[in-house]
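Participant: Residue numbers (my numbering), protein chains in the order written: chain A, 1 to 196; chain B, 1001 to 1333.
Some hints here could point you the wrong way.
Said to hold, decoys possible - Covered by chain A, per the in silico footprint, the following chain B stretches (three or more residues, Cβ under 8 Å):
1. 1043-1057
2. 1092-1106
3. 1123-1130
4. 1174-1181
To be verified - Listed below are the simulated SDA-like cross-link pairs for lysine to any residue, each with C-alpha atoms no more than 20 Å apart in a straight line:
5. A/K67 <-> B/K1298
6. B/K1298 <-> B/L1322
7. A/K67 <-> B/L1322
8. A/K67 <-> B/T1004
Stated by the list, open to error - Derived DEER-like restraints, expressed as beta-carbon distance ranges:
9. B/H1050 <-> A/E45: 46 to 54 Å
10. A/P115 <-> B/E1018: 55 to 63 Å
11. B/G1061 <-> A/E160: 26 to 34 Å
12. B/P1308 <-> A/S34: 52 to 60 Å
13. B/R1065 <-> A/S34: 30 to 38 Å
14. B/R1065 <-> A/E45: 41 to 49 Å
15. A/Y175 <-> B/G1227: 36 to 44 Å
16. A/S34 <-> B/S1240: 32 to 40 Å
17. A/E160 <-> B/T1014: 38 to 46 Å
18. A/G136 <-> B/T1261: 48 to 56 Å
19. B/A1057 <-> A/G41: 50 to 58 Å
20. A/C172 <-> B/T1014: 41 to 49 Å
21. B/D1205 <-> A/S34: 52 to 60 Å
Derived by calculation from the structure, the hints in this document are not laboratory data. Only a predicted model underlies this, so the values are computations on that prediction, with no experimental measurement involved. No residue lacks a Cβ here, since even glycine has one placed at the ideal position from N, Cα and C.
The residues making up each chain are set out below.
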Amino acid sequence: MDHRSDAERDTSASASSPGSTSAPPDRLPRAAVSFRVNGTGYRLEEDTRLTLLDALRERLGLTGPKKGCDQGGCGACTVVVDGRPVLSCLMLAVQAQGREVTTIEGLATADDSGPDSGGLHPMQRAFLRHDALQCGFCTPGQIMSAVCLIAEGRAGSDEEIREYMSGNLCRCGAYPNIVAAIREVAGAGGGDRAGV
Amino acid sequence: MAVTVRAFEYIRATDVAEAVAAVSSDPHASFLAGGTTQLDLMKDGVLRPHRLIDIGALPLGGVTRLADSIRVGALTTMEELAAHPVVVERLPLVRESLLLGASTQLRNMATIGGNLLQRTRCGYFRDPTVPACNKRLRGSGCAAVTGAARPHAVLGVSDHCIALHASDLTTALVALDATVHVEGPGGPRSIPLAEFYLEPGETPDLETVLGHGELITAVEVPLLPVGTRSGYLKVRDRASFDFALASCAAAVLVEDGVIRTVRLGLGGVGTTPRRARAAEDLLRGRAPTPRALRAAAKAALLGAVTVPGTAFKVPLAERTVLRALQAVTRVGS
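If we strip away everything but chain B, and leave its shape as in the complex, we get (with noise of 0.2 Å):
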């Protein structure tokens, strides 16, 4: 079936308050940066912007170290970052999600700020001819729930929208307590990432805190302390190049045989990127012995609501922390 591109209007902006007044000053407005969500979308039906504000030329890429974080600008794109020698040597978990993220070209074309804002997979918000999804018309209903449900959620869902989230750089960002830097209509704001997702509930349309008009500037991401270990474990159909069923990704310093610090974000199963809270709890003073592994990974999916197509997803996402989790306390490796 041949969808129709809307036609619209390009507009190269060539500062940042003048990108933002023109989107947040027109309700069909948007912005432009990698575009590869964006046009697919367009191209599907899905998304039709009047006017694409394209921010592609504007001052906002980048990667700055700071004291203890590093500052990515909006417009860096996943390769720049996965390359930057900060995140080579200090932060493992995040260059890992972006090279396990995407392919080699769409690592050079898509922009951090544009991932942090990546729609869901889900095959039934991505056709229109689908009458039946509240995240493209809030009270229309939602054919996933009742319809193949392999790659949806299984956190965070509400009787309204099982729509996974589908990044995998959100989920070591979560984990590292990252923060968002908008530039808006009233000026600018930070939003810890914790807090930039919301959760479909009533309202699946709703997918963040930004309102119309806010630009993602930069992120600031906290280093890890020297000697932690981390990683990103991805658990997909295929061997590469695909969305996640299940990831993890761990971040764990052990001194004298006990963890001090833990940080674990979950991936492929929430309709946010989640923050595994309850098993960093479990494990942060305690030795990593297999068995409080275990038992974080158990705590890790606590509250997971399953439809028939997606119970597989509870223990493939328990072993897959596990497994993340042996990766980065085994000794001697």
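This is chain A alone, in the form it adopts within the complex (with noise of 0.2 Å):
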């Protein structure tokens, strides 16, 4: 990946765009968005129907982000916005439009990089720790959400955590070993340094 972390890259596409259509490629209506994702600044100019999670995946390469359900109901395609975990399934690419877009892929930070970190945010080394994952797949939007409920003190209980959590599904069934990953980053102050 490129790290010019100031310059906007421009990664306006080719005439491919998502799903079939009667219409000629060329006649699609299409819109410019700015936004930046784990720090770096993006200008696209794609088919206006084109939601962040297509964006990320197919445009930016961040394959992070799952399509799991594409409708709101599984979480597998949650990041943060503007500090704050939303679906980026159900909204379209240019709705990012001067947002700060954060990825499981831009989660760790240099404050975690300790010797022991392996290159992980908290939240990470501690879903490795509790097993908190079998297949994976669900893991990513897990991570992001789990990281902004301890930001916004919601961790105080088992029951919190449950409940806070329950836009993101595991169909593994790894829920304990989630709810005692988070309940150990809560207890060991994770608040504080856990924010995006």
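Two independent chains are provided; combine them into the complex using the hints.
Facilitator: In structure tokens:
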């Protein structure tokens, strides 16, 4: 990845567009959008139908956010926009105009990179320690929600963690270990530095 | 089955009048706010706008405290309203209806104006491969009346539609006599929430009194008198993040052992958010005895019309009302 953090990178795509349509590709409505992802500025000019999720995955190569249900029910696509967790599958890319997006790829910062960190955020390390995943498909979304949950002071009890994490489904059923991982980071005072 | 989202032109509105003009002049244009219902139904192929007018950058956010009410800008998110100090202190039923109404991610995206206009979860409405849906196409029939009906409505239904109104928030707001402020091609107007929704009758496709191009700008919510106890009880299939099978927004002020004011909203059972006025009338001026609460709960469901799949909802909703009333009248809690 290119880390010119202040340079705006133009990733305007070729004629490809999501989905099929009867209209010729060059006639499809397009719109421009500029936003920042994990600290890097981007400018896209794309088919208006492109979701933020598809923009991240297909245009920017950030495949951490996953396409699960694609209708707002599973949370696998959770990313952080201006400090709050949202569903990137239900947001058009153009709606991210001027916003700051963080994906799992941008979660760990220099602060986290102690000798034993492996370049991972404390929540990522806790998920590993507690075996809080099986297949791993939901994990990026779980971790993004979990980090925000602690930053918002909502990890006071297992019950509270379960309620505020209910927008992230895990079909492998790793819930007990997910709760344990979050509880550990919350208990370690993760709220001070877990924000994104 | 992959449905293709219809291609649409996207416009970022920069002022309210421009947005209203753009939508009202084009029958195929729609407003876009949080988009959580709009985009979902576009992916399903139910909504196929040719043009979306994004109102997200308009100055319609924020909560303003007025003398005896709050004015909630239409673009305030569910999460912002739930966290507002006045709502926390004076409108617990609103806060609870929001927190129980969606996942954290959806609450961060979905706006209050959009919440009022969210569409039904009826699976037949949301699946265009089902030909019979009077809400999608007037006169095409209703697959729900004879189909799987567990999530459907029992109050305000017609032979033409039993689709459930899905919002939790409106259940609380209708109990509070909220008012919807609207800007339209003919100028602004204000509509009591109780008169905002239309029962399906013979025209299930018409859900509100809004004309095409009218834009919700704010919702005004009266505050409860100090000392009122209120809450929102929601019963659903899952423990969290699910739509209501039955719900009740209750606000009660008891003085000297007598119910002085009572407000009851019913959710999960109606084609529109319901005010349980008959139940309120039975309680006002009475002591909150177990017998009085039970009678009120029964009265709340009078007039229910069920199909085999929805018959369970009547006793479930009665018990939901009863439990909600018990919670806000219990002495010493």
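Participant: It remains to establish, for every hint, whether it holds in the given structure.
Facilitator: Hint-by-hint comparison with the structure:
no., hint, result
1, 1043-1057, "holds (count 6)"
2, 1092-1106, "holds (count 5)"
3, 1123-1130, "violated (count 0)"
4, 1174-1181, "violated (count 0)"
5, A/K67 <-> B/K1298, "violated (45 Å)"
6, B/K1298 <-> B/L1322, "holds (9 Å)"
7, A/K67 <-> B/L1322, "violated (42 Å)"
8, A/K67 <-> B/T1004, "holds (16 Å)"
9, B/H1050 <-> A/E45: 46 to 54 Å, "violated (20 Å)"
10, A/P115 <-> B/E1018: 55 to 63 Å, "holds (57 Å)"
11, B/G1061 <-> A/E160: 26 to 34 Å, "holds (27 Å)"
12, B/P1308 <-> A/S34: 52 to 60 Å, "holds (55 Å)"
13, B/R1065 <-> A/S34: 30 to 38 Å, "holds (36 Å)"
14, B/R1065 <-> A/E45: 41 to 49 Å, "holds (43 Å)"
15, A/Y175 <-> B/G1227: 36 to 44 Å, "holds (40 Å)"
16, A/S34 <-> B/S1240: 32 to 40 Å, "holds (36 Å)"
17, A/E160 <-> B/T1014: 38 to 46 Å, "holds (41 Å)"
18, A/G136 <-> B/T1261: 48 to 56 Å, "holds (53 Å)"
19, B/A1057 <-> A/G41: 50 to 58 Å, "violated (19 Å)"
20, A/C172 <-> B/T1014: 41 to 49 Å, "holds (46 Å)"
21, B/D1205 <-> A/S34: 52 to 60 Å, "violated (39 Å)"
Against the hints set out earlier in the document, violations occur for numbers 3, 4, 5, 7, 9, 19 and 21.
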